[in-house]
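*Asks:* Here are the chains, one letter per residue:
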Amino acid sequence: MIKFSDVVKTYQEKQVVNKLNLTVASGEFFVLVGPSGSGKTTILKMINRLIEQSAGEILIDDINVNQVDTAKLRKNIGYVLQNIALFPNLTISQNAGILLEAQGVKRDKRETLVNQLLDRVGLPHEQYGSRMPSELSGGEQQRVGIVRALITKPDIILMDEPFSALDPLSRKQLQDLILDLYDELKPTILFVTHDMHEALRLGTRIGVLVNGHLEQVGSPNKIISEPANKTVSSLFDNQRVTLVSDMQSAGLLHPLHSQYPEQTPQLSATQTIQELAMVLREVDQVVIDQQYVVTADDVLQYIGQQ
Amino acid sequence: MLNDLMNLFTAQSTDILVALREHVLLSVAAIFIAAVIAVPLAIALMKHRRAGEVVLQIAGVIQTIPSLAVLGVLIPFVGIGTVPAIIALVLYAIMPIFQNTYAGLTEIDPNLTEATDAFGFSWPFKLFKIQLPLAMPMILSGLRIATVMVIGTATLAALIGGGGLGTFIMIGIQTNDNAQLLLGAILSALLALIFSWGIKLIGKLSLKKMGILLASLVALGGVYFGGQAIVQPRGTITIAGKLGGEPEILINLYKELIEADNPRLDVKLKPNFGGTTFIYKALKGGDVDVYPEFTGTVLQTLVKGEHVSHQPKQAFDDAKRAIKEQDNLSYLAPMKYQNTYALAVRQADAKKYHLKTTSDLAKMSPQLTAGFDHDFYELKDSYPGMKKAYQLQFNKVTSMSSSLRYKALVNKQIDVTDAYTTDPQLKQYKLVTLKDDKQYFPPFQGAPLVRKAILTKYPSVKKSLARLDGKITNQDMIDMNYQVTVQHKQADKVAHQYLVKHHLLK
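The listed protein sequences derive, respectively, from chains G and D. Residues 9 to 314 in this note's numbering are what the first sequence lists, from first letter to last. Residues 142 to 647 in this note's numbering are what the second sequence lists, from first letter to last.
Quick caveat, the hints were computed from the structure, so don't treat them as lab data. Each hint should be verified, as a subset may be incorrect.
Unchecked claim - Only pairs whose alpha carbons sit at most 20 Å apart, straight line, appear in this in silico PhoX-like list of lysine-lysine:
1. D:K576 / D:K492
2. D:K349 / G:K114
3. D:K528 / G:K114
4. D:K504 / D:K477
5. G:K80 / D:K528
6. D:K579 / D:K497
7. G:K161 / G:K114
8. D:K528 / D:K576
9. D:K267 / G:K83
Claimed, not checked - Cβ-to-Cβ under 10 Å is the rule here; a few derived chain D residues that face chain G:
10. D250
11. A259
12. S263
13. F266
14. I271
15. L275
16. K548
All C-beta atoms in this analysis are idealised placements derived from N, C-alpha and C, irrespective of residue type, glycine included.
Kindly produce the complete structure, drawing on both the sequences and the hints.
*Replies:* In structure tokens form, the structure reads like this:
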């Protein structure tokens, strides 16, 4: 359990986090969402003390983080960065296992754990283990970033806009992956994003942050159906128009009749139409939820109708 | 030129190897010490940017001081030889190594730094696993820059008796022997290339292997220097000589004579030890015990306010007395030859016109063309004074670079030039020097200048050196210089032959 009580952060007399009171329960997938500059990354980094709060208390399982040695505190908190930040001098295997190495885990044991987890995230270790980070795509690199954070089985995982630099297709795949891993391991995840749609897809609970102030906390359904105020509803209004499922309602998705080529990209109906358009720039057709098929013409037709 | 170079290379291969070894040791020691200072300093300062900038400034300023000035400043504190040379080189090498290490460490992607912080790594883990490997390409390029610079600058070590390849360059400049100069320059350039390439190779190793390599290098160096320190016998005398072939022959003569009389005394030679002021300081400081010096130089340069007699005997006595009074040094009995200015002509002309003395030449001068070295032509106590004293009236007088004047004389572009009376070129080009019959030039007679303490401690040294009293004629010296400088024979062999031939060994 992570508990913020009256937490304030000011930079040069400017308040970026305004009297934050929030409790994240153990085993929750909590998403902090808000436009850039809303203070969400600052809140995340105060948990592992990369940033120190100006006032208030942060408790992890009733222990004040300021009273724990930072090294000890951070060992139990996984961290995934927006810029991925794999160490360019180390191989994929070495990167994936570096936290175990820092904790003095023996090489054999390290290798077993790393290989298992690399295989699990879709990077077969025989094929990827000895490569260097620069030889991997952004999506593949962030899979390694996730492995690196998960390898020590931390109770808490902090994810700072981890997918925002990726292309829509990789983003979707990694969102699926992190949901799978969450179901499997049930850690406490604190996930920061500015993408409302991503927040709705991932969070068991969502906190909406605007200008350092927490506007609403609730389940995705509640936030959509009962926005606390105009600010929140306007943020999520934008979302509605652009979902792929809207095309489905308009009858523009064609049911899938035959087999489709293996490489055909797959998206979900809960993704945005912008993401679909990005993917369709590269390929002729996209499969939606393994039920429908859609082409660029269909998207243009939909936009024309609106 | 290429032939000269090849001859030199084969004739002096032992000397070349010794110089190479000295040069490598000097450079490696300097780079190693500089790295041991600069890398940890950069690591310590990477989190203190302001202090880091200050150190960068200081190192930059040190680098702008000319290396010769650094050497000069250091001599009173650490004496001469290898130590000040290494200190000066270290001062130069610190800047590029520090600068690159500091830049390499501080310019690491802040995201990576954030990651290492967020993962709670201990500082040694962070440093050795992430920061140093990431900065390594920069550190190595700093090492390469420093190495190339140090190997180049180490040629200056020859000036202060540090040895190395600079010896060839100094001799080359002093004796106008381009082959020697090129030899030193080419070898040091090659050495720089090889080292730079070697460091590039080391860059491909992992941090662990680099550590092993470094440790074995240190162990090897320790064994080498430790062994040398143990082997060093007691009872040594250090004899140094200025740059050039002639002093090297003389000190080899001294060594053989002293060791023949006193087998338990070990004579250490430091040939090509530098210029007058420098070697004299070394003698006063006790780094050097004996070196051969000319009477004229003692009177004109080393002691103050002394009238220079043109009578050789008087000049020697004055010099001996003055230098004892001033610095308590013993000036032992001089050899016969004089190494001074004289006018030189072709042997054929000397015969044809019956030229023996400068006065003979004066009579013939209206028919002759002269070409002089720039200095000789211009300095008041050289040609201008001589012209007046002898009433020289040459048909035409030109000034030319000293390296060209002998060839101009041989090719009959000129008929008279200036020469030192023991120049080997006199023999090489069949030239004759004319006697300075009016004793216009002060006498330059060679004699050993010795520290008093050495004579008290080893009285036999005086007797041994006295065997050369009145020996070695100008012709003898020209012959020996010819063998060493032109034919590139070993100075110790030439010296030995002379001693045997003249029955000076017991």
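*Asks:* Checked against the structure, which of the hints given earlier come out wrong?
*Replies:* 3, 4, 5 and 16
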